[in-house]
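Asks: Required output: the full structure, derived from the provided sequences and hints.
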Amino acid sequence: AQSVTQLGSHVSVSEGALVLLRCNYSSSVPPYLFWYVQYPNQGLQLLLKYTSAATLVKGINGFEAEFKKSETSFHLTKPSAHMSDAAEYFCAVREYGNKLVFGAGTILRVKS
Amino acid sequence: DAGVTQSPTHLIKTRGQHVTLRCSPISGHKSVSWYQQVLGQGPQFIFQYYEKEERGRGNFPDRFSARQFPNYSSELNVNALLLGDSALYLCASSLEGGSNEKLFFGSGTQLSVL
Chain A
1 AQSVTQLGSH VSVSEGALVL LRCNYSSSVP PYLFWYVQYP NQGLQLLLKY TSAATLVKGI
61 NGFEAEFKKS ETSFHLTKPS AHMSDAAEYF CAVREYGNKL VFGAGTILRV KS
Chain B
1 DAGVTQSPTH LIKTRGQHVT LRCSPISGHK SVSWYQQVLG QGPQFIFQYY EKEERGRGNF
61 PDRFSARQFP NYSSELNVNA LLLGDSALYL CASSLEGGSN EKLFFGSGTQ LSVL
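First to last, the protein sequences are chains A and B.
Just so you know, we're using the working numbering here: the first sequence kicks off at 1 and counts up by one.
Just so you know, we're using the working numbering here: the second sequence kicks off at 1 and counts up by one.
In short, the hints are calculated from the structure, not lab data.
Keep in mind that the hints are not guaranteed to be accurate.
[Unchecked claim] So, partial list: chain B residues that the calculated Cβ filter (under 7 Å) puts toward chain A: (1) 42; (2) 48; (3) 55; (4) 56; (5) 95; (6) 99; (7) 100; (8) 103; (9) 106; (10) 107.
[Claimed, not checked] Label pairs and their computed distance ranges (CB to CB): (11) B/54 x A/29: 44 to 54 Å; (12) B/62 x A/66: 18 to 28 Å; (13) A/64 x B/3: 19 to 29 Å.
Yeah, the Cβ is synthetic: ideal placement off N, Cα and C, and Gly gets one too.
Replies: Pasting the structure below:
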């Protein structure tokens with residue numbers, strides 16, 4: 001079975017600072033990897049996905065993630081945090097079909 | 001176009017009762033999946049349906065069941081509710097249910113079991 005580990009349940013950054021959210025996965029096959037964002041009382045919104053086309057994936061709202069096979073990592077970054085980025089972020093690996101295996105999530109706090 | 005819609009948005013039940021949650025996929029989407037998100041955890045896969053057939057099932061007891069209708073909408077049923085069933089239940093849809101498709105999530109149904 002595949003699994004996802006998100007390091008850090010809470011991350012706090014200042015507005016304008018770099019955002020780095022960590023994700024490591026385990027997969028026996030080349031993975032499909034995803035980052036989702038969840039705002040309070042809302043569903044999940046796809047930020048970006050990796051499907052082996054390119055190791056650096058650009059997503060919405062200025063986020064990007066780099067797939068590193070040697071490190072089994074798919075960390076999410078954004079050069080400059082904005083107050084509106086405060087939310088919970090989930091990394092996920094697709095096991096088959098529509099079955100995603102999610103990490104436990106990282107709550108991002110942005111300080112003014 | 002409307003996104004994935006779920007009803008009701010909130011629900012309160014007592015232990016032992018039964019609950020039915022409903023989901024309408026995005027128009028044109030034929031695959032629906034259900035996820036359970038317990039507070040403080042990531043969503044966990046419950047079921048996937050495609051063309052009214054079960055395509056996948058997560059590690060949930062038989063108290064959980066689902067079905068998909070000819071119009072591709074779906075119901076999730078949970079019998080004999082336990083306190084631990086309290087969670088946000090998310091529905092997601094995709095075109096054909098394939099591994100490389102984008103999954104669209106609804107806003108969820110918040111179930112509280114007292």
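Asks: Please check whether residue 106 of chain B passes as an interface residue: C-beta within 7 Å of a C-beta belonging to chain A.
Replies: Cβ of residue 106 of chain B sits 5 Å from chain A, so the hint holds.
Asks: Report holds or violated for the interface hint on residue 42 of chain B, using the least CB-CB distance to chain A and a cut-off of 7 Å.
Replies: Hint holds; residue 42 of chain B Cβ to chain A Cβ min 3 Å, cut 7 Å.
Asks: Using the beta carbons of residue 54 of chain B and residue 29 of chain A, state whether their distance is inside 44 to 54 Å or not.
Replies: violated, 23 Å
Asks: If you take the shortest Cβ to Cβ gap from residue 48 of chain B to chain A, is it below 7 Å?
Replies: holds, 5 Å
Asks: At a threshold of 7 Å, is the proposed contact between residue 107 of chain B and chain A supported by beta-carbon distances?
Replies: Check passed: Cβ of residue 107 of chain B comes within 4 Å of chain A, closer than 7 Å.
Asks: Range first: 19 to 29 Å. Now tell me if the beta carbons of residue 64 of chain A and residue 3 of chain B are that far apart.
Replies: Because 25 Å falls inside the window, the suggested range holds.
Asks: Does the Cβ-Cβ separation between residue 62 of chain B and residue 66 of chain A fall within 18 to 28 Å?
Replies: violated, 42 Å
Asks: Using the nearest Cβ pair, does residue 95 of chain B come within less than 7 Å of chain A?
Replies: violated, 10 Å
Asks: Under 7 Å, Cβ to Cβ, is where residue 55 of chain B needs to be relative to chain A, so tell me if that hint holds or is violated.
Replies: holds, 5 Å
Asks: Would the hint on residue 56 of chain B be counted as holding, given a Cβ-Cβ threshold of 7 Å to chain A?
Replies: holds, 5 Å
Asks: Would the hint on residue 99 of chain B stand, with a C-beta cut-off of 7 Å toward chain A?
Replies: holds, 6 Å
Asks: Please verify that hint: residue 100 of chain B, Cβ, nearest Cβ of chain A, below 7 Å or not.
Replies: holds, 6 Å
The earlier numbered hints that this structure contradicts are 5, 11, 12.
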